[in-house]
Amino acid sequence: VTGKNGNPDLNTKREALLGFFSSYWVSIMNTSFKHKGIRKCTWFSRDQGQRSVIDFIIVSDQFDSVLDVHVKKEAEMSTDHHLVVCNLRLPKAKKTCKTSRASSTYRIKQDKMGSAD
19 VTGKNGNPDL NTKREALLGF FSSYWVSIMN TSFKHKGIRK CTWFSRDQGQ RSVIDFIIVS
79 DQFDSVLDVH VKKEAEMSTD HHLVVCNLRL PKAKKTCKTS RASSTYRIKQ DKMGSAD
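Our numbering numbers the first residue of the sequence shown as 19 and each following residue consecutively.
Keep in mind that the hints were calculated from the coordinates and are not lab data. All of these numbers come straight from a predicted model, not from anything done at the bench. Every residue, glycine too, gets a C-beta built ideally from N, C-alpha and C. Do not rely on the hints blindly, as some may be mistaken.
Cβ-Cβ distance ranges computed for the label pairs, FRET-style [to be verified]: (1) W43 with R64: 35 to 45 angstroms; (2) F38 with Q80: 16 to 26 angstroms; (3) K113 with W61: 40 to 50 angstroms; (4) S63 with C104: 16 to 26 angstroms; (5) T114 with R69: 40 to 50 angstroms; (6) T114 with F81: 18 to 28 angstroms; (7) S41 with G67: 29 to 39 angstroms; (8) K112 with D65: 46 to 56 angstroms; (9) F38 with S63: 21 to 31 angstroms; (10) H53 with M95: 13 to 23 angstroms; (11) S40 with N105: 31 to 41 angstroms; (12) K112 with K91: 31 to 41 angstroms; (13) A34 with L108: 28 to 38 angstroms; (14) N105 with T30: 27 to 37 angstroms.
Pairs of lysine-lysine residues, derived as DSSO-like cross-links and limited to a Cα-Cα distance of at most 30 angstroms, are as follows [said to hold, decoys possible]: (15) K31 with K90; (16) K54 with K113; (17) K31 with K110; (18) K31 with K54; (19) K52 with K90; (20) K90 with K110; (21) K31 with K52; (22) K52 with K110.
Taking the hints into account, I'd like the entire structure generated from these sequences.
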């Protein structure tokens, strides 16, 4: 459910959340990639100076196209949350050929062909 780079401290709410996620075969991708702590914190309190990871990118365990998840502190929003960015590898679109050529038929008349003599 969580990656190897997650926060090891668990409270009862986090344990309940992890139990819920594991029963539905999903993973929290924020914890799968190694980043500095400042690039993981999604919430901050200016008054108390607290930070926390409370916004998540959650995907099915079968979905293996997540390349990176990180926090963009630079994004200006009127909230105490930071923008969580997920980079994905998308499958290439299949090319569909929509050209329809009418087959051409050529008839060769033997009497108009020159003789090889």
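Cross-check of the supplied hints:
1. W43 with R64: 35 to 45 angstroms: holds, 38 angstroms
2. F38 with Q80: 16 to 26 angstroms: For Q80 against F38, whose Cβ atoms are near 18 angstroms apart, the range 16 to 26 angstroms holds.
3. K113 with W61: 40 to 50 angstroms: holds, 44 angstroms
4. S63 with C104: 16 to 26 angstroms: With a Cβ separation near 24 angstroms, S63 and C104 satisfy 16 to 26 angstroms, so the hint holds.
5. T114 with R69: 40 to 50 angstroms: holds, 49 angstroms
6. T114 with F81: 18 to 28 angstroms: Hint holds: Cβ distance 25 angstroms, inside 18 to 28 angstroms.
7. S41 with G67: 29 to 39 angstroms: Check passed, 36 angstroms falls within 29 to 39 angstroms.
8. K112 with D65: 46 to 56 angstroms: At roughly 53 angstroms between Cβ atoms, D65 and K112 fall inside 46 to 56 angstroms, so the hint holds.
9. F38 with S63: 21 to 31 angstroms: The hinted range 21 to 31 angstroms holds for F38 and S63, with Cβ atoms some 26 angstroms apart.
10. H53 with M95: 13 to 23 angstroms: Distance hint for H53, M95 holds at roughly 20 angstroms.
11. S40 with N105: 31 to 41 angstroms: violated, 25 angstroms
12. K112 with K91: 31 to 41 angstroms: With a Cβ separation near 39 angstroms, K112 and K91 satisfy 31 to 41 angstroms, so the hint holds.
13. A34 with L108: 28 to 38 angstroms: holds, 33 angstroms
14. N105 with T30: 27 to 37 angstroms: holds, 32 angstroms
15. K31 with K90: The hint holds at about 26 angstroms.
16. K54 with K113: violated, 41 angstroms
17. K31 with K110: violated, 40 angstroms
18. K31 with K54: Distance of about 24 angstroms is within 30 angstroms: holds.
19. K52 with K90: Answer holds: K52 to K90 is near 15 angstroms, not above 30 angstroms.
20. K90 with K110: At roughly 27 angstroms apart (the allowed maximum being 30 angstroms), K110 and K90 satisfy the hint.
21. K31 with K52: OK: K31 and K52 at ~24 angstroms, within 30 angstroms.
22. K52 with K110: This hinted pair holds, its Cα atoms lying about 27 angstroms apart.
Checked against the numbered hints given earlier, the structure breaks hints 11, 16, 17 and satisfies all the rest.
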